Every structure is written in C-alpha cells, then in structure tokens.
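Undergrad: Single-letter residue listing:
2 protein chains.
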Amino acid sequence: MKPTPKKAIVLVSGGLDSTTTLAIATSQGYACYALSFNYGQRHLAELEAAKRIAAQFSVVEHKLIHFNLNEFGGSALTDTHLIIPTTGISNDIPITYVPARNSVFLALSLSWAEVLMASDIFIGVNAVDYSGYPDCRPDFIHAFENMANLATKAGVEGRQFHIHTPLIHLTKAQIIQTGTQLGIDFSQTVSCYQATSKGLACGVCDACRLRIEGFREAGLIDPTRYII
Amino acid sequence: MKPTPKKAIVLVSGGLDSTTTLAIATSQGYACYALSFNYGQRHLAELEAAKRIAAQFSVVEHKLIHFNLNEFGGSALTDTHLIIPTTGISNDIPITYVPARNSVFLALSLSWAEVLMASDIFIGVNAVDYSGYPDCRPDFIHAFENMANLATKAGVEGRQFHIHTPLIHLTKAQIIQTGTQLGIDFSQTVSCYQATSKGLACGVCDACRLRIEGFREAGLIDPTRYII
Chain H
2 MKPTPKKAIV LVSGGLDSTT TLAIATSQGY ACYALSFNYG QRHLAELEAA KRIAAQFSVV
62 EHKLIHFNLN EFGGSALTDT HLIIPTTGIS NDIPITYVPA RNSVFLALSL SWAEVLMASD
122 IFIGVNAVDY SGYPDCRPDF IHAFENMANL ATKAGVEGRQ FHIHTPLIHL TKAQIIQTGT
182 QLGIDFSQTV SCYQATSKGL ACGVCDACRL RIEGFREAGL IDPTRYII
Chain Z
2 MKPTPKKAIV LVSGGLDSTT TLAIATSQGY ACYALSFNYG QRHLAELEAA KRIAAQFSVV
62 EHKLIHFNLN EFGGSALTDT HLIIPTTGIS NDIPITYVPA RNSVFLALSL SWAEVLMASD
122 IFIGVNAVDY SGYPDCRPDF IHAFENMANL ATKAGVEGRQ FHIHTPLIHL TKAQIIQTGT
182 QLGIDFSQTV SCYQATSKGL ACGVCDACRL RIEGFREAGL IDPTRYII
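Chains H and Z, in that order, give the protein sequences. Residues 2 to 229 (the working numbering) are what the first sequence spells out, left to right. Residues 2 to 229 (the working numbering) are what the second sequence spells out, left to right.
What the hints contain is simulated information worked out from the structure, not anything from laboratory work. The structure presented is a predicted model; accordingly, all values stated were derived computationally and were not measured. Each residue gets a CB set at the ideal place from its N, CA and C atoms; glycine is no exception. Nothing false has been slipped in among the hints.
Below are the EDC-like pairs computed for lysine to aspartate or glutamate, each with C-alpha atoms no more than 16 Å apart in a straight line:
| no. | chain 1 | residue 1 | chain 2 | residue 2 |
| --- | --- | --- | --- | --- |
| 1 | H | Lys-8 | H | Asp-121 |
| 2 | H | Lys-64 | Z | Glu-72 |
| 3 | Z | Lys-154 | H | Asp-140 |
| 4 | Z | Lys-64 | H | Glu-72 |
| 5 | H | Lys-154 | Z | Asp-93 |
| 6 | Z | Lys-154 | H | Asp-93 |
Example chain Z residues on the side facing chain H (calculated, C-beta under 10 Å, incomplete):
| no. | residue |
| --- | --- |
| 7 | Leu-65 |
| 8 | Val-99 |
| 9 | Ala-101 |
| 10 | Asn-103 |
| 11 | Leu-109 |
| 12 | Ser-110 |
| 13 | Leu-111 |
| 14 | Ala-114 |
| 15 | Glu-115 |
| 16 | Phe-141 |
| 17 | Ala-149 |
| 18 | Gly-156 |
Let the hints inform the model, and build the full structure from the sequences given.
TA: Written as structure tokens, this is what we have:
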C-alpha cells in the first residue's frame, strides 16, 4: 500500500513562478491544494491561467478566494488610476507593490492549511530577479513562519508550519530551466501586469521584462503570447 | 494651530471588546480609521453594530472588507453545519475558533495602514477572559509586529508598525468598566456568536457567558438585549 502523500497548499497566481512552484511541489510527491486570489487586480487573465494550470497538474482541489484589496488602493496593480511603469526596472520599490499582499495571501493560506491539517505551504517568491518587493525576502518568510506557529491551534498543539520557497534564491533563468525540465508549457502562464483579457502580454512592464530576460539567459525560446 | 493627530487603524467587529478599543484609541487622540470584515460569519448583526459604533465615534473613515473565509470551513462561526457550544466554557480551544482569523484580519489592516501611512493598529484581543484562541496571546501579537516590519515597504524604509492591544491583560469586568467610563452604550454592541438578525443575544454561547459574567463582576447593569 502506498503511503498517503503529505498535503501542501500551493499559491497559484497563474504566472511563471507560481506554476514552477506547483511543478516542484508535485514532483516532491505532495498532494497539492491550489489557492488563488481575486483581490481586485487589474486583469483576470492570470486567474484563467491559474485554473488551467491547476487542472493540468491534477491538484486535489483549487480554491479561489475573493477580497476587495482595491478598496485600499495604493498600488498600480489594484488601482486603475495609477499607471504601470513600462520604461524599465528601477532600483526603488515600484508602484506595482501591493501593500502587505503576501502577508494577506499567506495568512489566508494558513487558514486553509489549518483546516486541511496540512503543515506545508508553497509560495513562489523570489529575491534574485524580482521587483524589490519586501515581502519576497527570506527574512519576511521566516518571520511569517514564526508568527504562523503562534497564531494557530495547530501550532499550539505542536504542529510546525513550513513555508516552502523553492525559487527564492534562483535567477529567473534558473526558474525557467527548472520549470521546463518539469514539463511546464509556459505559453499557458501569464506574468504580465497588464495582460489583455485573452492573456496577451504587453512585453514592456517589469514582469514582462524579467520574464523576457529570463528566457534569453536560459537560452530557451520564449513561448509567451505578446500583444505586439 | 493644533497638531495633526496620528492616524490609527482600529479593528471594529461591533462587539464589546472592539468598541472599548475604539473608545480607548479615540481618547488617546488618534484619528481613527475603522476596519470591519464580512468574512462569511454566521450573522451580520455585528456588522450593523460596527457601522453604528463607527458613526458614534466619528471615525475618519469606516471600511468593510469582504472575503469568503467560509470557503475553508473548519469553524462553527463560519460553517452553519457546525453547532455553537452553549453548555459552558471548556478548557480546550473551542470549535468557534476560526483558523488564522486574526492573522488575516491584521494582515488586511496592515495593508490599509501602509496605504494611509499609519503606523498604529488597534485590536481588541484579550488573553484573560477569553475563549483560549491562540491568536489572542501577546506572543502572537509580537510575532505579527515583527513580521509586519519585514513585510512592508514602510518597514524597509524605517517606519515601525505598532499593534496596540489595550485590553490584552484586562479582565472582562475591567474592559466593561473602562468602556463605561469612556461613555460607551453597550446596548449597541453585539458579542453573541449566534445573535438574531436584529442583534438579540442568545445568552448561552461562550461570548454571551463571558459578557454576562463581566457585567456581574463589574457590578454594572447588563444592557444587552437578550432573546429570552
């Protein structure tokens, strides 16, 4: 009799990083529960991608949580009055930063993990080829993990939550190589901050620039469907 | 010219504790921004109470964030298939515990605080006369504060978030006395886990029991509107 696989929550946005994260968690033998968020982001093409990807990887369950983070504003990703930068990646934290987004995402995933009696949560944050978001750094992840174990009944009872960040120290090229080796069809993923309703990428936002450069460095053909 | 008051986010559920917390933050001179959540709880009478209370305290703004935490289930407060205990408070963490609820609430308040450039967040958690929820303890609050400063652009830029828990070491009687001194009309608040749509309290759930005992110990008349 095969042992029951360990359950893991995997945050799946529909982008390149989270898809690779799901592929890694699956390859490690976890029974994966995909979690996506409709938080008032500009476009929903990435959620359509998330649905396709969750189905492709035969996750046990895929949940979508809605919450109106755009009620707060303050980010070009949730406030359509603000303009997505397209002139190149700067050294500052850009206006596409969504305040405390990964804290909210991980807190919601923690809630589901506790109900499922899962101890493992996978998130595709990356602190190498990234936009400088503070909630993608190892220090933040460790602080969240510590908090999670104090926040929950499971933690009090001795279960230790583990936030897995398999991409955190990889370059974008390494992420693309890893995903390719695991059989991902990256044409199905949407990273662009302002993708069209059909999921076509702009090619000039920070997310597109990092992705294009990643494929170039990896020496692989970029299958992304661009608008131009 | 009067100095501009400091902004604070205050989590307002419509219950006795959060109302007292709002009264304390107001008395300390903060410009208060009230935040409430419709997370799929059983009844919305507490949100009606939250609206009345926010108006009474003339908060600068009152926001309501919706999210379907009942999608996960696992708590009698969000899953109507589970029964609210009414036979008395036990020593175990009860089924009314909502997994990771305060982590989600505080993460969302952190998002708004960052947009408002506020450093202060007030939450009415209590670790004395409470139901044993792990996310009401000082250790959890400290861990969240630490995480918040690593999670945010504001934290990276040197702003320190402070999670204020003015009730954490008070008994329910002391909370009631404090609120009464600050002029709260507790008949307007709803603590009951299964209040009617008109906000009438059952008198027998853990929240009602703690509240009834609090008024008794405080030597004050309980103005709560009970169903019986």
